[in-house]
Amino acid sequence: MRFLPELEGVRALAAMAVVVTHVSFQTATGWAWAERLDYGVAVFFVLSGFLLWRRRHAHTARQYALSRVARLAPLYLVCVVAVLALLPDASPLTLPQLLTNLTGTQLYIADGLVPGLTQLWSLSVEFAFYAVLPLLVWMLDKLSARPRVVLIAGAGGLSLFWGFLPFVAGYESGDVNTQIWPPAYFSWFAVGMVAAEAESAGVRVRAGRIVRPVCWAVAAGCVWLASREWFGPQGLVHPEPGEFARRIAVGAVCGACIVVPVALAPRESWLSSEWMRALGRGSYGVFLWHVAVLAIAFPLLGVSAFSGSAWDFAVVLVFTAVVSCVLSAATYVLVEVPGRDLIRSLARGRIVVPRSLPRQADSPASSAAHSASGKLG
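Just so you know, we're using UniProt numbering here: the sequence shown kicks off at 1 and counts up by one.
Keep in mind the hints are simulated off the structure, nothing from the lab.
Ideal placement from N, C-alpha and C gives every residue a C-beta, glycine not left out.
Incorrect hints may appear among the rest.
[As the list claims (entries may be wrong)] Cβ-Cβ distance ranges computed for the label pairs, FRET-style:
1) Ala110 with Trp224: 31 to 41 Å
2) Arg146 with Pro115: 39 to 49 Å
3) Leu300 with Tyr171: 32 to 42 Å
4) Val237 with Pro96: 18 to 28 Å
5) Ser91 with Ala169: 30 to 40 Å
6) Pro96 with Arg146: 38 to 48 Å
7) Ala330 with Ser144: 39 to 49 Å
8) Ala153 with Gly242: 17 to 27 Å
Make a model of the complete structure from these sequences and hints.
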């Protein structure tokens, strides 16, 4: 299975898009388009579907589970513990909040998303996809390619109606927000899975000078469309089922336009540059750390939250992006790689000194086999 370095660059773009949307919200710029840069999460999910489905036969179920835990758990746990211990706004916590944040199950309780870690809702969705993937492989690999693709695409389409289910549509403030449970986002993963099926069938996109810009333009159009008030509510307003379905459907198109041409016709040299690949490898850390960094940016910089100032947005964005990247690079070397190697060594019944860095990334927002890539991921 060939390595696609361009996808590391795509992961980096998705992580930065999520950072921008959170900074824009916290500084109250009023830029509706910036809010919908949370479609970076859609890009992470499409990447996860593509990268994990294309490699579904590379490991046994046990090896797959071990690779997911080894890749994602060390930094996830370090980040959660550090934020809960050091960020004043993140405490006090109830026991259910503590346990669900440590286990990536915070979506399933009311008030499970705590300050400094609110972005982890998307990793909770990613983790659920990782958990059911072996079951999907077992069920769908009994079929030939065409019916398999039809079922994946059909399930993705049906998932758009998740918000209409009575126990989901009946949401009231203070309830568990079932609208953002994992089934709601299967269409995003399905886009990547279908792209992986296309790759294995030998499909190649002739993404030349016209197709590539058109795809990027359509993705930008999706962001603009989803940012219109008439399309659906902005901010933290809970959308109606139809509004939510539209948002997810357009997110699937956006993710497809960004990921699929690169995955099936990887010729974007700027995405595979050393800088973009380095940012892509660190995207998991950026995704994990950036909300906590954003929380401390305001008092450290002397900036008022929700000021509505474009200058405040620029200053806070630069601070958050730079500090998050530095933290990501440090914890990649000190936590991600050693933690991964230690878990794998323990699973083999012996401990070895880590000797190399990972080559291929396929976790949502990390250089791990994701995206969960991923925040939002």
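Tell me the hint numbers this structure goes against, listed in increasing order.
Per hint list: zero violations.
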